[in-house]
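S.K.: Generate the whole structure from the sequences, applying the supplied hints.
Top line first, the protein sequences correspond to chains A and B. Per my numbering, the first sequence starts with residue 271, numbered consecutively. Per my numbering, the second sequence starts with residue 5, numbered consecutively.
Simulated from the structure, these hints should not be mistaken for lab results. It is possible that part of the hints are untrue.
From the derived model, a few chain B residues whose C-beta atoms are all more than 12 Å from chain A [what the hints assert, rightly or not]: (1) 55; (2) 69; (3) 84; (4) 122; (5) 148; (6) 156; (7) 167; (8) 189; (9) 195; (10) 197; (11) 208; (12) 212; (13) 213; (14) 298.
Have a look at the derived ranges for each label pair, beta carbon to beta carbon [to be verified]: (15) A:292 to B:147: 22 to 32 Å; (16) B:73 to A:415: 50 to 60 Å; (17) A:501 to B:251: 33 to 43 Å; (18) A:516 to B:138: 52 to 62 Å; (19) B:98 to A:412: 32 to 42 Å; (20) A:411 to B:209: 54 to 64 Å; (21) B:49 to A:292: 46 to 56 Å; (22) B:47 to A:281: 50 to 60 Å.
Keep in mind the model is a prediction, meaning the values are calculated, not measured. For glycine and all other residues, C-beta sits at the position ideal for the given N, C-alpha and C.
Listed here are the chains, written in short residue letters.
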Amino acid sequence: MRSVARWTAVAVTAVLFLLPFAVLLREGWSALGQVFDDRDVPFVLSLLNSTVVAVAQTVGQVVLCSLAGYGLARIPYRHAPKVLYAVVATLLVPAAVTFVPAFVVVSSLGWLSDLRGLVVPGLFSAVNVFLFRQYFLDFPVPLEEAGRLDGLSRWGVYWRVVVPNSTGPLAAIAVIDFIGSWNQFLWPLVIAQDSSTWTVQVALSSLLTAQNPRIPLLFAAAAVSLLPIVLVFVVLQRYLVRGVAETGLSGR
Amino acid sequence: MTRRRTALTFWLFVGPFALGLLAFTYVPIVWSAYLSFFDARDTVTPTEFVGVANYLDVLTDRAFLDSIGTFTVFAAFIIPTTVALSLTLALLVNQIRVARAFFRSVYFLPFACSYVVASLVWKMSLFSGVDSGVANTVLGWFGGESQAWIGTVDPPLYWVVLITARLWLQLGFYMILFLAALQRIPEHLYEAAWIDGAAPGWQTFRHITLPGLRGALIAVLTLNLINAYQAFDEFYNILGDSRGYPPFARPPLVYLYYTSLGSGGQDLGRGSAGAIVLALVIALATLLSGRLLRRAN
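M.R.: Written out as structure tokens, the structure is:
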């Protein structure tokens, strides 16, 4: 009896969770063909922009943050604790507080409506550095020492020993970064003031809040915008779940 | 290795990141604090020193105080429902044996969806005010009247739309956190309880499961609070339209956006003052909740 109730609950919830996706496809199906040849909205361009931003941000974040995390975890520099403190302190400052001032900096660099303004400020994720540091603290020391005995420098150890043995965590964080970057909205809305630099989320939003939204086209465009994410999700889901479970810190 | 070599290597690894953090987090915060004492309309460079005028403006602005109120209402709805429902989902998924991975994926899938896309589905289909909208159709089955979900302040049904959208998007994420914690509770604790005569169900849940979830519970609560405070995407996309944003239900981030960058004004001095006040409010709230949590234990 209890298992019947449990199964009903699980199945009903699953249907509810899939319903919005079904709605998206049903409403957008008829216009799926028009998405790519509509001239009013730079939809194709926005998909390209999103791809550039998400790929650049993911690669940049993983490289920069894993290097910093490794340095903070393993290099016995005497001021390292102070640097770590300065990194962790920024975690306490909510992004909502920094978005106005960060806008000020980006606009004085002349990066408004410029892909650099979309990509660069997002590269320096203190959360990622913290997570990488936690992970590298537990990295087996004997493996690194073997590399040192073979005559590798710090860099050599990092590239040839640590990175090849850390593909799981690197992939997990990369997947979360990619989804986060693809889905971000407020920052591109603020920075991409010219439609030539719109990301796909900004393009969708401008369609959604327009005077006379063309509903089927809008749904079709939204469905297309989900494709890269669904692909990443299906292929790398096990990394994604493990990454979220082990880190638990990212996401919104 | 000499001390200088070590320092050099350290900065080779950490330096690029540290420079970026300096440029895009530390400099902005200092600049913002500085700007908040100046008149800076339509410009990012301060023009005239105005003392605390921006702060007085913000603190006496009805819209700003309302935005704090909106955030409080939102947090009061979203935090308890998220904790209760994501924990329930985790317990359910943890107990089923067949197709567990499938259901876990289904619940987790919305996490990959953007707030903009969810807003579109919620606004234009699920909760559209027309009779054929999904929510109104369901209401119709039970003999209810169609509702203008988003367009009505009295009753404030827009909350239903905002809350359900966020629940759909984030429940799976928090479920995974709870699931990971559940799987870390050692099986032998349950066996021991069973031998000691504890009834499975509420008793084991209360004395073994719940204590084992304490860390996850604190993580979920904290993340939820931070994320509720950052709410922007779904508010902007669900409630806003081509005429702008209605005066009700502006969370702090929407207020800041319209004050400093949106069509409302480009007033960066005032926006900066608002950001600083919010930072202080949050710091205070964090301190207080930390103290309360400690006392509760």
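S.K.: Next, verify each hint and record whether it holds.
M.R.: Hints, one by one, checked against the model:
1. With a closest Cβ-Cβ approach of about 20 Å to chain A, residue 55 (chain B) is found to remain outside the 12 Å limit, as its non-interface label requires.
2. For residue 69 (chain B), the condition that its CB be more than 12 Å from all CB atoms of chain A holds, with the nearest at approximately 17 Å.
3. Interface exclusion of residue 84 (chain B) from chain A stands, the closest Cβ pair being 18 Å apart, more than 12 Å.
4. With a least beta-carbon separation of about 7 Å from chain A, residue 122 (chain B) fails to lie farther than 12 Å from that chain, contradicting its non-interface assignment.
5. Remark: the non-interface label on residue 148 (chain B) is consistent with the geometry, its nearest Cβ contact in chain A lying 19 Å away (cut-off 12 Å).
6. For residue 156 (chain B), the requirement that its beta carbon stay farther than 12 Å from each beta carbon of chain A is met, with the minimum near 19 Å.
7. Distance to chain A confirms residue 167 (chain B) as a non-interface residue, since its nearest Cβ pair spans about 14 Å, more than 12 Å.
8. Here residue 189 (chain B) stays apart from chain A, with its beta-carbon at least about 14 Å from theirs, past the 12 Å limit.
9. A cut-off of 12 Å between C-beta atoms confirms that residue 195 (chain B) is not in contact with chain A; the least separation is 20 Å.
10. Every beta carbon of chain A lies more than 12 Å from that of residue 197 (chain B), the smallest distance being close to 19 Å; the non-interface claim holds.
11. Every CB of chain A lies more than 12 Å from the CB of residue 208 (chain B), the least distance being 15 Å, so the non-interface label holds.
12. Every beta carbon of chain A lies more than 12 Å from that of residue 212 (chain B), the smallest distance being close to 19 Å; the non-interface claim holds.
13. Against chain A, the non-interface label of residue 213 (chain B) holds: every CB pair exceeds 12 Å, the least being about 16 Å.
14. Non-interface call for residue 298 (chain B) relative to chain A: holds, since the shortest CB-CB distance, roughly 17 Å, exceeds 12 Å.
15. Roughly 25 Å separates the CB atoms of residue 292 (chain A) and residue 147 (chain B), a value that falls within the hinted 22 to 32 Å.
16. Take residue 73 (chain B) and residue 415 (chain A): their Cβ atoms lie about 58 Å apart, and the range 50 to 60 Å holds.
17. With their beta carbons about 41 Å apart, residue 501 (chain A) and residue 251 (chain B) fall inside the hinted range of 33 to 43 Å.
18. Taking 52 to 62 Å as the suggested C-beta distance range, the pair residue 516 (chain A) and residue 138 (chain B) does not conform, at roughly 37 Å.
19. Separated by about 36 Å at the C-beta atoms, residue 98 (chain B) and residue 412 (chain A) satisfy the suggested range of 32 to 42 Å.
20. Judged by the Cβ atoms, the range 54 to 64 Å given for residue 411 (chain A) and residue 209 (chain B) is violated: they are separated by roughly 41 Å.
21. As the Cβ distance of residue 49 (chain B) to residue 292 (chain A) is approximately 51 Å, the hint placing it in 46 to 56 Å holds.
22. The hinted window of 50 to 60 Å between residue 47 (chain B) and residue 281 (chain A) holds, with their beta carbons roughly 58 Å apart.
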